[in-house]
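**Q** Please model the complete structure; the sequences and the hints are all you need to start from.
Taken in order, these protein sequences are the chains called A and B. Numbering of the first sequence is given in the UniProt record's numbering, commencing with residue 1 and proceeding in unit increments. Numbering of the second sequence is given in the UniProt record's numbering, commencing with residue 1 and proceeding in unit increments.
No lab work stands behind these hints, which were simulated from the structure alone. Keep in mind that the hints are not guaranteed to be accurate.
[What the hints assert, rightly or not] Which residues of chain A face chain B? A few of them, derived with a C-beta cut under 7 angstroms, are:
| hint | residue |
| --- | --- |
| 1 | Phe87 |
| 2 | Cys91 |
| 3 | Leu116 |
| 4 | Ser137 |
| 5 | Ser139 |
Predicted, not measured: the structure shown is a model, and the values here were computed from it. For each residue, glycine too, the CB sits at the ideal point set by N, CA and C.
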Amino acid sequence: MISLYRWNFCEGKACGEAAGDYTDRVWSRAENVSNFMEADSIFGPDSRLVYKHYATLYFVFVFDSSENELAMLDLIQVFVETLDKCFRNVCELDIVFNYSKLHTILDEIIFGGQVLETSSAEVMKVVEEISRQESASNSIGLVTKTVSGWRNR
Amino acid sequence: MDSLFQRSLDDIIKGLRHQQAGESAFVSKVLEEVRREIKSTDSHTKSTALQKLTYLHSICFVDMSWAAFHAIECISYPNFTHKKVGYLAISQSFQESTPVILLISNQLRKDLKSNVEVEVSLALECLSRIGNLDLCRDLTPEVFTLMASSRIPVRKKAIGVVLRLFGKYPDAVRVCFKRLVESLESSDSPPIVSAVIGVFCELASKDPKAYLPLAPEFYKILVDSRNNWVLIKVLKIFTKLAPLEPRLAKKIVEPICELMSKTGAKSLMFECIRTILTSLAEHESAVKLAAGRINELLIDEDPNLRYLGLHALAIVAPKHIWAVLENKEFVIKSLSDPDPNIKLESLRLVMEMVSESNVVEICRVLVNYATKSEPEFCNVILGSILSTCSNNVYEIIVDFDWYVSLLGEMSRIQHCQKGEEIENQLIDIGMRVQDVRPELVRVGRDLLMDPALLGNPFLHRILSAAAWLCGEYVEFIRNPVELMESLLQPRTSLLPPSVRAVYLESAFKALVFCLHSYLKSATSSDHSALGLSDPGVSKENHITPDSVLHLLNLIDMAVGPLSGSYDVEIQERARNILGFTELIKPVLSDSLHPQDERHKQQVEASKMVRLLHDTFSDELGPVSMSAQGRVPVPDGLVLHENLADLEAVCGSSLPASSATISFEGSHNVEGATSIFISDQKEESEPSSESTSLLAEHRKRHGLYYLPSEKNTEHHEANNDYPPANELKSELAEQSFLPKRKSKQVKARPVVVKLDEGDVLPISSKIPQAKDDSLSEAVRDVLLGNEADADTLTQKAAADSVIRKKGKEKLNAKEQEDDLDHMDSQSGTVQNPVKERSKRSSRKQNADEGDHGGDKGKQKRRHRHGKHRTREGVQNPPANVISQTPVPDLLL
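**A** Below is the structure:
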């Protein structure tokens, strides 16, 4: 099991436990049922959870009444599309080894708890710009073995 | 040199993946390395160490608060990669209370001013995640500048961060709000509109009233925008605004309906439906349209859409139940859908449809579903039946006999775990509804008789209720001997002690009842000289001398061993029963084997039994929660006084002799037999012993004990208090439900309802519309009450309350003025939005002292006058904002 948690407004361990709990519940859901779950018992009142899985990858978003349920499903789609563009057919290992790139992508889509970008093309532009900046800054200094491999992708 | 041998993040990830069991050992080893490496002066080594730590923090939740300062160092590096690592670490680990958080203020400012776009983004992101009051206050000017940036991505994020600024530092509103509103009109760049509408959606969800004046801008977006994300957010805003202003609702209903029928996006369509059902439910035609769209959702293949369709029905149900009834078949069918969400939602809808006339039918259907469902959903169904039926003191129940037998039936459902709730309702109904007691006792008896039920721990609470009911209303039992047998059956050893104690007490009551009716029949047979075979009395209860003997033997056998139980409740009750039987046996045995002296003995026995019987047949009733408060304080009773002299009072009033035989009072451990041998003289001995112990105890703990039996002198006064039961019946009489429908075949029995005792006091907890500083600031800005930002930041907190009141009133009046102003120009205004901005520019001019334009001039003076008097305004009515409507022409 591989998981990457990103909290916008949630603190420390409580969320970790909550996530563990919900991971089990999401996994135990049957195929072909609706993708929403009530989540207020753990993430506070008015919060709901939506998940979607692509082969072995599960994506879970928690949201509140300021968002539209179906739009959140679309947002997962946007996120996955972006990952696909980024890694050419995203798979588990991409996610495992590209920790900070995932954060970069998420930061572009969700900013301070709000959905700020819904076009994967726009997100890609920024991600590429950031990669360019990083390689530029790294090529100035010594290229050591710790330069993480992901930027070459 | 460090970096040459340093493990990279990839190495760590690989290492973690290869660990099978010893993951924590591996993590702590890496942590050790990190602690060493992070102290390095080499920026690369440090940032790599920090990156690894951040990774471990987010995957394994290891503590990284100790590295806060290192993260701050990293963001100050010129190298972008290192800076980025630092920012990620900070966003992941800093909290508002992180001590070093203020140290990043300068670096953030520097990066916000950077020429490199991605650096600005990093700083903005960081601020949006961890900004606290100080950071937000310090950086508001920079964000304000960026809100006008020509670089769209930066501008977008600057707008996004405004939400954090407003939340933490409300005075930022006075700086940024105008620019935020202006951004609403940048229709040339959709990302900006999307961002700003998102911010307004969040703001409006907290205090919609403050944003009502912006309705025209939102309306324009609703009509013009083609972006579904933006439209959804605008609809969310209108959902909040429309209930505040009926005319606004009228205005938006048409475009929303149009949007709903034209759009191809299901998300947008659903949002339209929700907006109509939530906030425009008074517009029948719109609701009809929405109901049509819901039907489309319901028949869709996608379970998500079916679920949301049902969800929408649940929203509309309270106001337009017809929309649900139209889909009744579908809703009921959905109870067996494989999708848990759909099942739950349809259950909710089914419960919405319940009424007095169909409750029987619906409950029948639901119980059927419950027996077929898996445990979890089964209990959800049972739970909602229980809560719906008991709602408002069983409002919808007419036929209580039916309901009580339904409760019995529900208890027997295999997965039932609602023992506690059913227990409460059984007892509650027993006390409230007199007419249903025979049926209750029948249901209870059936439950008690079934030895299989004793093995199910979820049913123990129900059995406890059944036992109590059968004991309390034993007069309705057809065969009390049979009841005694089931109360004392061997399998009762499976019960928890608390329930077993109830069983014993009920057995005691039943025993007394049996003996009483036996003796009564014996006496009457004496008189009539017909013997024990008198059909009128004894047949009714099946009490024969043999069965009395049988009962006494049964008690010896079943209760005897319990007198040594370790549970005090059980032990005490068991001994009570045994004591009683020991006492009664010798007198009874004579009467059972008729002899000459029989008569005299029997009189003695029946005296004893009658005494007990009377004790038990005193009826219990529900007690209003406020009963205590209604007891008038008698004259001469001084409460709240120093109780130091209590001891003297207590001492003099001892020993108190109790006039009635008390079961609870004597804790004589010697043996059960000795308790009741007694007439009062004998009994007073142990009792006075215990009181003297109590007195001793009081001597030590003085003030903490109120005397329980102090007052011979207060005794008469005590008699003035209506006892709880009398109080109850008095109250009950006042509030008997006269609700009887003439058409009903079976009249609804009287349900005892106490005045307010049944309703939990819920008033006073309604949250007041929070007039917090944010909405205050927003209102000020929107309504042109802007004061100098500097003076505002210097304001003292102490006078804020007074000022707030004054200002609110003033705002209201100001708004009225604005509206008047608009009205006066209503003939000429074509574009109200422009008009608004014209006004604001006029205001700016005014501040600069530019006196031009006659109308503006008057207005300005007016306003300045207000500013001066803002502290002193007393008269205008408060809270006018809600009353002052936005005029139609605003739209």
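**Q** Going by Cβ atoms only, is Phe87/A closer than 7 angstroms to chain B?
**A** 15 angstroms, violated
**Q** The hint names Ser137/A as touching chain B; please verify it with the least Cβ-Cβ distance against 7 angstroms.
**A** Hint on Ser137/A: holds, closest Cβ of chain B at ~4 angstroms, below 7 angstroms.
**Q** Does Ser139/A pass the interface hint, meaning its C-beta sits closer than 7 angstroms to a C-beta of chain B?
**A** 10 angstroms, violated
**Q** Does the nearest C-beta of chain B fall within a distance shorter than 7 angstroms of the C-beta of Leu116/A?
**A** Holds, because the Cβ-Cβ distance from Leu116/A to chain B comes to roughly 5 angstroms (cut-off 7 angstroms).
**Q** Given Cys91/A was flagged as interface, is its beta-carbon under 7 angstroms from a beta-carbon of chain B?
**A** 14 angstroms, violated
Taken one by one, the earlier hints fail for this structure at numbers 1, 2, 5, listed in ascending order.
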